[in-house]
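Undergrad: Residue strings, one per chain:
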Amino acid sequence: MSSSTPMAADNFDDADDTITEVLSQEVIAGVACPQSFWRRLIANRNAALTLVGIALFIFFSVAAPVTFLTTLNLYNMIRNIALVGIVAVGMTYVMVAGEIDLSIGSVFGFLIVVLGVLVVKYEVNIWLAALFTIFLGGVVGLVNGLLRTKLGIPSFIVTLAGLTAYRSAALVVSGQLPWNGDGVGLFYEITGGTIFGMPWLIVWMVVVMLIGGIVLAQTKFGYHIYATGGSLEAARNAGVNTDRVKVACFIITSALCGLVAMLLFGYLKTAAPITGTGFELRVIGAVIVGGVILTGGRGTIYGVFVGAMIIGMITSGLVLLGLSQHFGDIATGLLIVFIGTMDLLVRRAAARSLSHGEG
Amino acid sequence: MATETTTSSAFVQGRSLSKSFGHVRALQDVDIDINEGEILAICGDNGAGKSTLTKILSGVHQPDKGELHVQGQAVRISDPHRARELGIATVFQNLALVDVRDVASNLFLGREPVRWRFFVDRRKMLADAQKVISDLRVNIPSLTVEAGQLSGGQRQSIAIGRATSQNGRIIIMDEPTAALGVKESRKVLDLILRLKADGNGVVVISHNMRHVFSVADRILVLRRGRLVGVKHKGETTPDEIVKMIVGVDIL
Numbered sequence: 002m003s004s005s006t007p008m009a010a011d012n013f014d015d016a017d018d019t020i021t022e023v024l025s026q027e028v029i030a031g032v033a034c035p036q037s038f039w040r041r042l043i044a045n046r047n048a049a050l051t052l053v054g055i056a057l058f059i060f061f062s063v064a065a066p067v068t069f070l071t072t073l074n075l076y077n078m079i080r081n082i083a084l085v086g087i088v089a090v091g092m093t094y095v096m097v098a099g100e101i102d103l104s105i106g107s108v109f110g111f112l113i114v115v116l117g118v119l120v121v122k123y124e125v126n127i128w129l130a131a132l133f134t135i136f137l138g139g140v141v142g143l144v145n146g147l148l149r150t151k152l153g154i155p156s157f158i159v160t161l162a163g164l165t166a167y168r169s170a171a172l173v174v175s176g177q178l179p180w181n182g183d184g185v186g187l188f189y190e191i192t193g194g195t196i197f198g199m200p201w202l203i204v205w206m207v208v209v210m211l212i213g214g215i216v217l218a219q220t221k222f223g224y225h226i227y228a229t230g231g232s233l234e235a236a237r238n239a240g241v242n243t244d245r246v247k248v249a250c251f252i253i254t255s256a257l258c259g260l261v262a263m264l265l266f267g268y269l270k271t272a273a274p275i276t277g278t279g280f281e282l283r284v285i286g287a288v289i290v291g292g293v294i295l296t297g298g299r300g301t302i303y304g305v306f307v308g309a310m311i312i313g314m315i316t317s318g319l320v321l322l323g324l325s326q327h328f329g330d331i332a333t334g335l336l337i338v339f340i341g342t343m344d345l346l347v348r349r350a351a352a353r354s355l356s357h358g359e360g
Numbered sequence: 239m240a241t242e243t244t245t246s247s248a249f250v251q252g253r254s255l256s257k258s259f260g261h262v263r264a265l266q267d268v269d270i271d272i273n274e275g276e277i278l279a280i281c282g283d284n285g286a287g288k289s290t291l292t293k294i295l296s297g298v299h300q301p302d303k304g305e306l307h308v309q310g311q312a313v314r315i316s317d318p319h320r321a322r323e324l325g326i327a328t329v330f331q332n333l334a335l336v337d338v339r340d341v342a343s344n345l346f347l348g349r350e351p352v353r354w355r356f357f358v359d360r361r362k363m364l365a366d367a368q369k370v371i372s373d374l375r376v377n378i379p380s381l382t383v384e385a386g387q388l389s390g391g392q393r394q395s396i397a398i399g400r401a402t403s404q405n406g407r408i409i410i411m412d413e414p415t416a417a418l419g420v421k422e423s424r425k426v427l428d429l430i431l432r433l434k435a436d437g438n439g440v441v442v443i444s445h446n447m448r449h450v451f452s453v454a455d456r457i458l459v460l461r462r463g464r465l466v467g468v469k470h471k472g473e474t475t476p477d478e479i480v481k482m483i484v485g486v487d488i489l
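Chains A and B supply the protein sequences, listed in that same order. Take any residue in the first sequence, note its place counting from 1, add 1, and you have its number in this note's numbering. Take any residue in the second sequence, note its place counting from 1, add 238, and you have its number in this note's numbering.
Hint data in this document are derived by calculation from the structure and do not stem from the laboratory. Be aware that a few hints might be false.
In silico PhoX-like cross-links for lysine-lysine, where the CA-CA straight-line distance does not exceed 25 Å [stated by the list, open to error]:
no. : chain 1 : residue 1 : chain 2 : residue 2
1   : B       : K481      : B       : K471
2   : A       : K221      : B       : K362
3   : A       : K221      : B       : K369
4   : B       : K421      : B       : K471
5   : B       : K469      : B       : K481
6   : A       : K221      : A       : K151
Construct the complete structure from the given sequences, taking the supplied hints into account.
TA: Dropping the structure here:
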């Protein structure tokens, strides 16, 4: 900038413009390039998380060489990841919108039992029963959403109530018994079966995550989810119907519980009332590890996909290392705390470096 | 269509506007004219009715009594959406932007350009945002930087840009410089003057007499919900306005 100096005395306006320009350049430099290490880390959180995922994969492959890298284990692992990942798409919507849904595990159990009873006891056509299950999931989400938005009850309370209520409903509907399907036909093939030697569940997860990711990142609805969670008042002032956005997020999440109920029934060919116990922890864990913040407004489906992979690898990897399954849950809990703390510290450091740079 | 016998050509005319909340009479028989190409400052102490008056104009509140005319037509401004249709846009103080979203998304929040019905047309959004920003002649480092990383003045500019770009011919601003430093305030005041030069009408609520006198053409003073008077800037002094605000008898 110092090179462009010549200023005629009769050219004050130009000089003024030049000064303004220089000043504005400084402003630009100050804001657009706050390339502190912390800021870059936030911007590349997904890349960093991916590296963590790859490192974990290598670690378990080396630490449990005979068991981890077998087709059987990888498929089992990916089946669990798929169930978590599919519902995590809905949970991402809910949490980006600034809410939470603790009821998903119980809703999952309730819906799989409804499906099992319909198919086995009442001999309803399995396709119809599956569609109805997903629809019923949507109704559950609608109720959650309306209680949240119309009555103003915090979603934590609403869905905590759902957590206990739907589990009991599952026990009542099932008569505390598992309901076993015959496992014959196309339905079981495209849910629990394999395609080109690969579990169909992977296909379902990829499809749901792709659609879910595109909707969140690129549609008007997705923009409004971010705005609702980012600043409720600003979104409202701009004419976004934030209540409708939230209700839609709850509906999608519970409907996806219906979808995984259908998929798991197709795979196990049985509906047990305890299905999905602790499922909410793994899903919320995947979402938080994936970079969605509890206060809303931030997060991507890709991050949550990696988050689900990491949680899945830890859960099954520790078992293969000879530890009890409970260690998986302990590790998951520790991981959530660790990642949550890291996110907080990095954000603080970034905020400090920003205010430092400006002041 | 002109069934009204309008004596002035004001873009917005409010007559005998009154509004009560419970038994608090927030506004009583206030008249207001807002012209295009003019800056009208509204002054008054806390509780004088400034916010109530602007909220009636922006469709947030409905008056209990009184008439509103926009471009000579009697209207009812049922909500902010209707106000925008009529050409009245409001810049909400501190509650206008979503910090975690980028500049372009904020400029088009709630009215994102779409293709195939559901998908946000990101390219068009960026192009339109570029146009809004250059029309305003404000310095925004990038359209894709998060609003939360910008300075107070830049944020205010974006909020104002959103108001002007949605057919706002009258822009209402509640304390646009309240949270800003000296340099930033100057930039926003310059922007307000440019809006006027472009033919927009601007309504500014402000406590800051220096700011009021540096931009306003007319100054409307409220006290306890009543209209004290409207003065042209040239025929009054900050002293007189302050006296009108606090209710000291100046005779």
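Undergrad: The structure should be examined with respect to each hint, and the outcome stated for every one.
TA: These are the hints, each one checked on the structure:
1. Taking the CA atoms of K481 of chain B and K471 of chain B, the gap is near 15 Å; set against the 25 Å cutoff, the hint holds.
2. Between the alpha carbons of K221 of chain A and K362 of chain B the distance comes to roughly 14 Å, so the proposed pair stays at or under 25 Å and holds.
3. Distance hint between K221 of chain A and K369 of chain B is fulfilled; the C-alpha atoms sit about 21 Å from each other, no more than 25 Å.
4. Using a Cα cut-off of 25 Å, the hinted pair K421 of chain B and K471 of chain B holds, with the two alpha carbons roughly 23 Å apart.
5. A distance of roughly 13 Å separates the Cα atoms of K469 of chain B and K481 of chain B; the hinted pair therefore holds under the 25 Å criterion.
6. The straight-line distance between the Cα atoms of K221 of chain A and K151 of chain A is roughly 23 Å, inside the 25 Å bound, and the hint therefore holds.
In summary, the structure agrees with every hint in the numbered list given earlier.
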